[in-house]
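Novice: These protein sequence lines are chains A and B, in that order.
Residues in the first sequence are numbered from 1 upward in steps of one, following our numbering.
Residues in the second sequence are numbered from 1 upward in steps of one, following our numbering.
These are calculated hints, taken from the structure and not from any lab test.
Values in this document were obtained by computation on a predicted structure and should not be read as measured data.
Fair warning: there could be bad hints in the mix.
Identical chains share a label here; the pair holds if one copy fits it or two copies do between them.
[Claimed, not checked] The list that follows gives simulated cross-link-like pairs (lysine-lysine, DSSO-like), each with its CA atoms no further than 27 Å apart:
id, residue 1, residue 2
1, LYS385, LYS194
2, LYS385, LYS253
3, LYS331, LYS253
Number of protein chains: 2
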Amino acid sequence: MVQPTSIPFTVNGRAYRPPARPLAVICLDGCADDYLDAAMARGRMPNMQQMAVRGFRGMARCALPSFTNVNNASIVTGLPPAGHGISGNFFLDPETGEEVMMNSARYLRAETILAAAARAGRRVAIVTAKDKLREILSHRLEGIGFSAEQADQATAATHGISEVEALVGQATPTIYSAEASLFVLRAGVALVEKGLADCLYLSLTDYMQHRYAPDAPEALDFHAAIDGEIGRLLALGVRVGATADHGMNAKQKPDGAPNIIYLESLLREEWGPGVRVILPITDPYVAHHGALGSFAVIHLPDALPSAPIARRLMGLDGITEVYDRETAARKLELPADRIGDLVVLSARDVVLGRTPDYHDLAALEGGLRSHGGRYEEMVPFLLSKPLSAEYGARAAGDLRNFDIFEFTLNGCRS
Amino acid sequence: MVQPTSIPFTVNGRAYRPPARPLAVICLDGCADDYLDAAMARGRMPNMQQMAVRGFRGMARCALPSFTNVNNASIVTGLPPAGHGISGNFFLDPETGEEVMMNSARYLRAETILAAAARAGRRVAIVTAKDKLREILSHRLEGIGFSAEQADQATAATHGISEVEALVGQATPTIYSAEASLFVLRAGVALVEKGLADCLYLSLTDYMQHRYAPDAPEALDFHAAIDGEIGRLLALGVRVGATADHGMNAKQKPDGAPNIIYLESLLREEWGPGVRVILPITDPYVAHHGALGSFAVIHLPDALPSAPIARRLMGLDGITEVYDRETAARKLELPADRIGDLVVLSARDVVLGRTPDYHDLAALEGGLRSHGGRYEEMVPFLLSKPLSAEYGARAAGDLRNFDIFEFTLNGCRS
Numbered sequence: 001m002v003q004p005t006s007i008p009f010t011v012n013g014r015a016y017r018p019p020a021r022p023l024a025v026i027c028l029d030g031c032a033d034d035y036l037d038a039a040m041a042r043g044r045m046p047n048m049q050q051m052a053v054r055g056f057r058g059m060a061r062c063a064l065p066s067f068t069n070v071n072n073a074s075i076v077t078g079l080p081p082a083g084h085g086i087s088g089n090f091f092l093d094p095e096t097g098e099e100v101m102m103n104s105a106r107y108l109r110a111e112t113i114l115a116a117a118a119r120a121g122r123r124v125a126i127v128t129a130k131d132k133l134r135e136i137l138s139h140r141l142e143g144i145g146f147s148a149e150q151a152d153q154a155t156a157a158t159h160g161i162s163e164v165e166a167l168v169g170q171a172t173p174t175i176y177s178a179e180a181s182l183f184v185l186r187a188g189v190a191l192v193e194k195g196l197a198d199c200l201y202l203s204l205t206d207y208m209q210h211r212y213a214p215d216a217p218e219a220l221d222f223h224a225a226i227d228g229e230i231g232r233l234l235a236l237g238v239r240v241g242a243t244a245d246h247g248m249n250a251k252q253k254p255d256g257a258p259n260i261i262y263l264e265s266l267l268r269e270e271w272g273p274g275v276r277v278i279l280p281i282t283d284p285y286v287a288h289h290g291a292l293g294s295f296a297v298i299h300l301p302d303a304l305p306s307a308p309i310a311r312r313l314m315g316l317d318g319i320t321e322v323y324d325r326e327t328a329a330r331k332l333e334l335p336a337d338r339i340g341d342l343v344v345l346s347a348r349d350v351v352l353g354r355t356p357d358y359h360d361l362a363a364l365e366g367g368l369r370s371h372g373g374r375y376e377e378m379v380p381f382l383l384s385k386p387l388s389a390e391y392g393a394r395a396a397g398d399l400r401n402f403d404i405f406e407f408t409l410n411g412c413r414s
Numbered sequence: 001m002v003q004p005t006s007i008p009f010t011v012n013g014r015a016y017r018p019p020a021r022p023l024a025v026i027c028l029d030g031c032a033d034d035y036l037d038a039a040m041a042r043g044r045m046p047n048m049q050q051m052a053v054r055g056f057r058g059m060a061r062c063a064l065p066s067f068t069n070v071n072n073a074s075i076v077t078g079l080p081p082a083g084h085g086i087s088g089n090f091f092l093d094p095e096t097g098e099e100v101m102m103n104s105a106r107y108l109r110a111e112t113i114l115a116a117a118a119r120a121g122r123r124v125a126i127v128t129a130k131d132k133l134r135e136i137l138s139h140r141l142e143g144i145g146f147s148a149e150q151a152d153q154a155t156a157a158t159h160g161i162s163e164v165e166a167l168v169g170q171a172t173p174t175i176y177s178a179e180a181s182l183f184v185l186r187a188g189v190a191l192v193e194k195g196l197a198d199c200l201y202l203s204l205t206d207y208m209q210h211r212y213a214p215d216a217p218e219a220l221d222f223h224a225a226i227d228g229e230i231g232r233l234l235a236l237g238v239r240v241g242a243t244a245d246h247g248m249n250a251k252q253k254p255d256g257a258p259n260i261i262y263l264e265s266l267l268r269e270e271w272g273p274g275v276r277v278i279l280p281i282t283d284p285y286v287a288h289h290g291a292l293g294s295f296a297v298i299h300l301p302d303a304l305p306s307a308p309i310a311r312r313l314m315g316l317d318g319i320t321e322v323y324d325r326e327t328a329a330r331k332l333e334l335p336a337d338r339i340g341d342l343v344v345l346s347a348r349d350v351v352l353g354r355t356p357d358y359h360d361l362a363a364l365e366g367g368l369r370s371h372g373g374r375y376e377e378m379v380p381f382l383l384s385k386p387l388s389a390e391y392g393a394r395a396a397g398d399l400r401n402f403d404i405f406e407f408t409l410n411g412c413r414s
């Protein structure tokens, strides 16, 4: 393989100094630390365990809301949402008044590290399980970008690569599967093996974490399989950094029923039909979570004052934080123009809904495990190499998951 | 040894059904989950690792503020602070106007599980590293209660036991040591071995966690030694439950200086000398934290309104939550009469101080690692036996560290 270039570059205020070796940053979607704990305690993740011992393992704080698009955008820009503009998977576009998916790169307000690395001469590839992320992650990228979900649709003209199934040696997986994530990692291995890329971003899906608790046999097998693919990357000499976009918690009552506060029903009954609740977890993958997470934004008609509604909401059991727009923008690092008049977070075991009719609870497979709030904020952060003194001191502070590219490129001792 | 009694009892609204075997609940003071991760990844905690695999390991939410007295009181009563009345290590007593330590059992507003177990015929022993906890933990206890710190002062009349050093085979340790915790565990082993107790509460000290990060050799050795003593308990047939009173985070800037917001200085300059800031982390063990934690309460003169001060505080970087008295009592489950007019929490890497003069930063050994806030709320929760279906379902919800006695006594399958 050609030696990767090591030309420094700067993007979004951070300077990157890539080493002349292949690199992979992995986003373990929905990987609460408990999943690693359960698998490692059983000896099922020997490669990640060696990363923890010989490299670095710590806990990082993700961007809020603890959702996939928000945090993938943060990871590939090195910025909080206030900087990159992606405030959820879904939002009420103030320019059109429409509720839309936030999958388009036109919502992205910053350059990506990946595009900048490619301009600096790296052979960049992004592989994502969910196709919804591909456009944002590939924004202005001169390189390879495809999803496992639509691997069979990749063409050289549109994705920088074709014949992906042949490359990976596997048919395009269904998105509701462990294979959707494993395909991403196998694609990463194949891209390095074939000399097609030397700077990878591999973003998995949290289907398995939504469905299974950390000590479920299915979750253990899944994480063991992830570990095996990471071992293949390490064996190829790839420096690996891994973090998660968000954690995951059970959001149900002891009887197994989802633990839901229907915010729009409650607020419209008390404050009229003009109140509109947006659930930024909403995405095309309804079997994951039924659009139920621990974060919501509320849009109020001009005539309604927000303070009494905020007080009312804070009076409810299961609601843990309520902020007005300005406070949310400042404290949660959100773009003020892309949130609601109020921002609401719920408890570790509570999700926020709109109305009972809005959610298809029958679509949930198994119990409800979800994310979006404060209790899914802390995520694992691992590197295959030990930190330099400078980065070790930084890691001892308020490490963020969107520091992962800087730490992987700049922060390691070897 | 005489077979332990298995007579059920009820206290503070919870029914306990102790099995006819020896039991030990361990409070791993300041044991953020990272400490277990770092030691287990290196194979240094084989007994705890086996508990995780064959019994149960999960994450529990502690009581806020995430301080020692608060959470030890919660663990031994099964109640949040609103129920037991211990709101900190230190508080402004509204009855006297004095700032006092909250070590006295006269502040305790609930019975303890330990006293009730003793009344039901169990041979109860509590052993605590820090003597400050002994009075609260031993409240109305017909049994054994002593501290490692003052082991040489235990007498049958006052502590239910004498000659503790001979029992343990070790001299009274200094409180600023790993031995202060290990002495507690060794005492527990000796009490079971000698048939002196069959229901133990063993509460360690977080000196090592305040001083060392999870992957420091000293922390790894400490946790390996803890694991060895837990292994001795397990070998004696003791059912073990273990949790922590609070987590632990570095609270410093990259240059190693403590990251402090001096609240009283700031508020007195803007709002006059009547503003009084109380730091409920304050305790006699200043080398641990210099009275610097991530939680403070503010007492205001009657003439000052709290709302603008709350807004001012929320405007500060590093302040994450500000509540008025009523909201704090409800959302943080605190006794309203034993907190301030405002309650303030700070960020993962930020502590709250009074004034620069108030704190003896020179007393801090090494960097500042501390706790008290939201980012030290999640703690490990382990049992040596697998959960029953009923308790497994409960564990999947919002498990609390003060559920540990109920889970250890009632929740296991064998």
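Novice: Going through the numbered hints above, which ones does this structure break? Give me the numbers in ascending order.
Specialist: Every hint satisfied by this model.
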